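J.: These are the residues of each chain, in order.
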Amino acid sequence: MSTATLTRHAISLDDATRFIWAEADILDRLDYRAWLPLWTKDGRYTIPIEHDAVDYDNQLNVAHDDEEMRQARVKRLLSGFSMSAAPPARTVRTISRFVVTAAADDLIELRSAMVLVEYKYERTRVLAGDVEFRLKRDEGVIKLDRKVVRLANCDDYLHGIGYLL
Amino acid sequence: MSTTDFGALVKDDRVHTALYKDGAIFDEEMERIFKNTWVWVGHESEVPSANTFKKSFVGNQPVIVTRDKAGVIRTLLNRCRHRAASVCEKKKGKQSVFVCPYHGWSYDIDGGLRKVPYADGYPEGLDREEFGLIRLRTETYQGMIFATFKQDIEPLVEFLGPARKWMDLFMKQGAGFGVKVLGEHRFRFPGNWKIQLENTTDAYHFPIVHKTFLDSLDAETENIFDVIGSGGWVEDLGHGHSVMVMIPDLIDLDDNLDAPIPDRFAELAEELREEGHDEAAVRRIVRAVGGTGFNLNLFPNVACSMAFFRVLRPVGVAETEIQHVAIGMGDAKETPSPAGNRARLRLHEHFQGPMGFGTPDDAEGWERVQRGARAGDDLWIMLNRGSAAPEGRPQPGHNAGDASSEVGMRAAYQQWKRMMTA
Ligand code: FES
Ligand SMILES: [Fe+2]
Chain A
1 MSTATLTRHA ISLDDATRFI WAEADILDRL DYRAWLPLWT KDGRYTIPIE
51 HDAVDYDNQL NVAHDDEEMR QARVKRLLSG FSMSAAPPAR TVRTISRFVV
101 TAAADDLIEL RSAMVLVEYK YERTRVLAGD VEFRLKRDEG VIKLDRKVVR
151 LANCDDYLHG IGYLL
Chain B
1001 MSTTDFGALV KDDRVHTALY KDGAIFDEEM ERIFKNTWVW VGHESEVPSA
1051 NTFKKSFVGN QPVIVTRDKA GVIRTLLNRC RHRAASVCEK KKGKQSVFVC
1101 PYHGWSYDID GGLRKVPYAD GYPEGLDREE FGLIRLRTET YQGMIFATFK
1151 QDIEPLVEFL GPARKWMDLF MKQGAGFGVK VLGEHRFRFP GNWKIQLENT
1201 TDAYHFPIVH KTFLDSLDAE TENIFDVIGS GGWVEDLGHG HSVMVMIPDL
1251 IDLDDNLDAP IPDRFAELAE ELREEGHDEA AVRRIVRAVG GTGFNLNLFP
1301 NVACSMAFFR VLRPVGVAET EIQHVAIGMG DAKETPSPAG NRARLRLHEH
1351 FQGPMGFGTP DDAEGWERVQ RGARAGDDLW IMLNRGSAAP EGRPQPGHNA
1401 GDASSEVGMR AAYQQWKRMM TA
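These protein sequences, in sequence, are chains A and B. By the numbering used here, the letter at position 69 of the first sequence is numbered 69, and the numbering carries on one by one without gaps. Throughout, the numbering used here is defined as the position within the second sequence, counted from one, plus 1000.
To be clear, the hints were calculated from the coordinates, so they are not data collected in a lab. Since this is a predicted model, take the numbers as computed values, not measurements. Backbone N, C-alpha and C define an ideal beta-carbon position, used for all residues, glycine too. Among the hints, a few may not be true.
[As the list claims (entries may be wrong)] When the alpha-carbon atoms are kept at most 20 Å apart in a straight line, the in silico SDA-like pairs for lysine to any residue are as follows:
1) A:K143 <-> A:E68
2) B:K1091 <-> A:N153
3) B:K1090 <-> A:E132
4) B:K1055 <-> A:L158
5) A:K75 <-> B:R1346
6) B:K1094 <-> A:A152
7) B:K1092 <-> A:D52
8) A:K143 <-> A:N153
9) B:K1091 <-> A:K143
[Claimed, not checked] Far from chain B by the CB rule (all over 12 Å, computed), these chain A residues:
10) T17
11) A22
12) D42
13) I47
14) R76
15) E109
16) K136
17) D156
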């Protein structure tokens, strides 16, 4: 029956949440070198400014990274020469409240909630946002193809952020 | 030293640290500076047509910038004349009337009081002329809108003076299509507003603080950003304004249009040809995309910085909000080059904003200044760099120094002193 084929290729919610939690763990540990290979070649990492933004290419974003920009970003954050990232803030984030919004062979899209607490210089800050993920199975391996972090206060003033969301 | 002897706090080559941390000085600045000069409130493209508005600030006072039916741009205090509720809490938009949500007084887009519910509750009648939204004097130059509380101030063009030449040059990055706001990054840092004011003409910090930005560029571009010792200069333009020329080749974007298109823009040039631009326009847009080679600081709150407007808003003595306004080509009706503007947006994201490759490091530096300024009671901020003669071509008769000099900061603080002791 065809469902057997589907099951073989589909990415389950369980697969997806394990992947997303592993990514969150990588980011909180600042293990950015391990973060880069999580992405597909055409993957896009986007942090919009307008809360209802959809046309990211033609709008201003906080970040809208293709592969080259992600690599440059990681290089910068790990270089030791960025005043805002050396020493880095400590972050602890949780991602939950997953809702599957689309699923097809080798692909799943989810919506989720993220709460991130940042600590640096006697100061604790909280960032909250909705995160949309698109995960793709690429030669058998689950990869990030889209990640859109929609901060609750994205259209308000923010602060310098010296780490990855 | 008395804290009200403001003149004693600014010397020719240094300013007292109290200027960053004394709340009483901050309160006086809001009165003596921000209520007594031209303050940037927006760009014309942000109120593109009749009945459009945007919220803004003059100092720490909230205002609405509006364009009325006749196209007149106004700046109105965002405060109902009845019992002071804010009449607008949308960032920007289009509407012909502001209705106060508290008791329903309504105001036209030009600030006039339109209607008062149950008006017969005022037995003597209510003079509607007397209770419109308070209007500030508003003037524009090169699309930049400035407002002031001081009704009898000199005209804006006089206040800008020699800075106008640089504003004219700056707007050439519209590639002949005009300059239009594409969006803005907003962020705060816990520090005094003057710390960011100083930064716009501070080339000295660039190679140090922005090393990771420079490392992220290709070799060709990295060379362009080698801003110290490349023939640039800093020049005092009067009234606290100053310009820092970083890349002399990019002062006038109409020059060198026949130069070959740099490799890094080859792909963009191709996209522009596909958009239907002829070869002359392609060259013009490509040259405009990276912005100009200078930063123009306009005292007290706005800068034209390479490819964007940098706006500061004093929030408190140790709290400042910054907007980095991304600009591109076009006007209200037209976007002549989506590809060109996309390129500008990506360049803006690369350096600016809360997660850019440059801004968070600047913000960290500014915060460090504020934190460090807590130490010591009678210490001074040194602004004495730049005795070397400028390498470039400042206007004869203007005070100038080499690209890394602190001439621009000295110019701003002398204006601060003039206004605080007037
Ligand atoms: S406060 Fe605005 S109508 Fe009363
Ligand atoms: Fe900087």
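J.: Hint by hint, say whether it matches the structure.
T.: To see whether the hints hold, each was checked on the structure:
| no. | hint | result |
| --- | --- | --- |
| 1 | A:K143 <-> A:E68 | holds (17 Å) |
| 2 | B:K1091 <-> A:N153 | holds (14 Å) |
| 3 | B:K1090 <-> A:E132 | violated (26 Å) |
| 4 | B:K1055 <-> A:L158 | holds (18 Å) |
| 5 | A:K75 <-> B:R1346 | holds (18 Å) |
| 6 | B:K1094 <-> A:A152 | violated (24 Å) |
| 7 | B:K1092 <-> A:D52 | holds (15 Å) |
| 8 | A:K143 <-> A:N153 | violated (28 Å) |
| 9 | B:K1091 <-> A:K143 | violated (38 Å) |
| 10 | T17 | holds (26 Å) |
| 11 | A22 | holds (22 Å) |
| 12 | D42 | holds (16 Å) |
| 13 | I47 | violated (7 Å) |
| 14 | R76 | violated (4 Å) |
| 15 | E109 | holds (24 Å) |
| 16 | K136 | holds (24 Å) |
| 17 | D156 | violated (7 Å) |
When the structure is compared with the earlier hints, violations turn up for hints 3, 6, 8, 9, 13, 14 and 17 and for no others.
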